[in-house]
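> Throw the hints in and build the complete structure from the sequences for me.
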Amino acid sequence: MLRFDAITCARGGRVLFEGLSFALEPGGAALVTGPNGAGKSSLIRIAAGLLRPAAGTVDGDTPRALLSEAASLDEESPLAKALGFWARLDGRTQAVAGALEATALGDLADVPVRLLSTGQRRRAAFARVIAGGAPVWLLDEPANGLDSTALGLLEDAIARHRAGDGAVLVASHTPIRLPNARTITLRRESA
Amino acid sequence: MMGAFATLIARDIRRAWTGGGALLPVAFFLLVAILFPFAVGPDAALLARVGGGVLWAAALLAALIPVERLVAPDLASGVIDQLLVRGQSAAAIALAKLIAHWLSFAPPILLAALPAAALLDLPMTTLMRVEVGLLIGTPGLAALALAVGALTATLRGAGALAGLLILPLAIPLLIFGAGSLDGGTGALKLLAAVSLLLVAGAPFVAGAAIRTSLD
Numbered sequence: 004m005l006r007f008d009a010i011t012c013a014r015g016g017r018v019l020f021e022g023l024s025f026a027l028e029p030g031g032a033a034l035v036t037g038p039n040g041a042g043k044s045s046l047i048r049i050a051a052g053l054l055r056p057a058a059g060t061v062d063g064d065t066p067r068a069l070l071s072e073a074a075s076l077d078e079e080s081p082l083a084k085a086l087g088f089w090a091r092l093d094g095r096t097q098a099v100a101g102a103l104e105a106t107a108l109g110d111l112a113d114v115p116v117r118l119l120s121t122g123q124r125r126r127a128a129f130a131r132v133i134a135g136g137a138p139v140w141l142l143d144e145p146a147n148g149l150d151s152t153a154l155g156l157l158e159d160a161i162a163r164h165r166a167g168d169g170a171v172l173v174a175s176h177t178p179i180r181l182p183n184a185r186t187i188t189l190r191r192e193s194a
Numbered sequence: 003m004m005g006a007f008a009t010l011i012a013r014d015i016r017r018a019w020t021g022g023g024a025l026l027p028v029a030f031f032l033l034v035a036i037l038f039p040f041a042v043g044p045d046a047a048l049l050a051r052v053g054g055g056v057l058w059a060a061a062l063l064a065a066l067i068p069v070e071r072l073v074a075p076d077l078a079s080g081v082i083d084q085l086l087v088r089g090q091s092a093a094a095i096a097l098a099k100l101i102a103h104w105l106s107f108a109p110p111i112l113l114a115a116l117p118a119a120a121l122l123d124l125p126m127t128t129l130m131r132v133e134v135g136l137l138i139g140t141p142g143l144a145a146l147a148l149a150v151g152a153l154t155a156t157l158r159g160a161g162a163l164a165g166l167l168i169l170p171l172a173i174p175l176l177i178f179g180a181g182s183l184d185g186g187t188g189a190l191k192l193l194a195a196v197s198l199l200l201v202a203g204a205p206f207v208a209g210a211a212i213r214t215s216l217d
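Just so you know, the sequences run in chain order C and Y. First residue of the first sequence? That's 4 in the working numbering, and the numbers climb one at a time after it. First residue of the second sequence? That's 3 in the working numbering, and the numbers climb one at a time after it.
For the record, the hints were derived by calculation from the structure and aren't laboratory data. Predicted model only: the values in this text are computed from it and were never measured. Mixed in with the good hints there might be a few duds.
[To be verified] Reference listing, derived: stretches of chain Y covered by chain C, where coverage requires no fewer than 3 residues with Cβ under 8 Å from a Cβ of chain C:
| no. | region |
| --- | --- |
| 1 | 11-20 |
| 2 | 71-82 |
| 3 | 85-97 |
[To be verified] Sample of chain Y residues at the chain C side, in silico, Cβ under 8 Å:
| no. | residue |
| --- | --- |
| 4 | Gly203 |
| 5 | Val207 |
| 6 | Asp217 |
[As the list claims (entries may be wrong)] Okay, the calculated beta carbon distance ranges per label pair:
| no. | chain 1 | residue 1 | chain 2 | residue 2 | range |
| --- | --- | --- | --- | --- | --- |
| 7 | C | Arg14 | Y | Ala59 | 41 to 47 Å |
| 8 | Y | Leu112 | C | Gly101 | 43 to 49 Å |
| 9 | C | Asp62 | Y | Asp217 | 17 to 23 Å |
| 10 | C | Arg191 | Y | Ala162 | 35 to 41 Å |
| 11 | Y | Arg71 | C | Arg190 | 40 to 46 Å |
| 12 | Y | Asp217 | C | Arg190 | 19 to 25 Å |
| 13 | Y | Leu169 | C | Asp168 | 53 to 59 Å |
| 14 | C | Asp168 | Y | Asp217 | 32 to 38 Å |
| 15 | Y | Ala94 | C | Glu78 | 21 to 27 Å |
| 16 | Y | Ala59 | C | Ala73 | 35 to 41 Å |
| 17 | C | Arg190 | Y | Gly89 | 32 to 38 Å |
| 18 | C | Asp62 | Y | Thr20 | 38 to 44 Å |
A virtual CB, placed ideally from N, CA and C, is assigned to each residue, including glycine.
Given below as structure tokens:
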């Protein structure tokens, strides 16, 4: 579904990782770990097609959903409408209610996004990923700002996605439950 | 069911109006028209003679106001990332933004030109020429604002720099726009040509700028 072939990533003239190859199969998962600045976010952005690798190719034309640092939801809109904008683009407006339930945000559907807390905002961004219905999920630090209950919801949603033949690529510096996931460890090279 | 492109345009227009951002250029435009008679004195004949040019200069300055909110907020909030991941091209995103920006910028300015013309005591014929000229010229102004907004999106305090970039590029619009006030269609045709050129080029310039700012 997603395949890295000898990818090299350089940022600001510094090589972050070199010759990285792996593939994600339906139902598969990969966990990218490493210290701050090791290139975890860059790897996710390369997988999303937002960043060009210095060398190597990314294959796979399956639609991807990206969870990045920013929630990308319109601040002044109520949560359900902000999610509805993305759902309309994805042609899946009926999926919003289910995604709000899966992230325990059903009660906040009418609350403007700007009033949400850090953790709620993170869950809202994750609800956008769920509602999008893309087979490949690219999650950059999905556990940031989540309490243990919300982390459980996140892990359950990932498990359901994989059970439905979806694949996930997760970058995280905190432990996250991903059964049978391949681990990709990035090391910070000394400059 | 709206297409993705129409959804993008609708979102940008809604954001322009709900944020109050669409009203600021109009207020600015009217303020220039109000201040000008104070500066040159209440000489009706003089005001009527220079008033058309004043409205053009006011429209040009008003076009600078929204530059910072056209691309930068969406780049910072990751909205553009999300659109690109969904397979939208950067140029298509820029074109949607251009159309939305023109739709929320030009009609209010065209309307505000009516009270502004009254403040400057413009004759009806001049007012009509200003309106026709602005109708043709505002797409070019919107295109310039978008392209410069995208080019300066990742810079801090880009507003002043955006003004320095836009004003020289807008000189042809101003010359042909003000030139059309004498009557005749020659200047209008040149105005339309410049405006068309800017509209045709801006989505690609802005798209390339958006792509570059991702790295």
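> Run through the hints listed earlier and report the numbers of any the structure violates, in increasing order.
4 and 5
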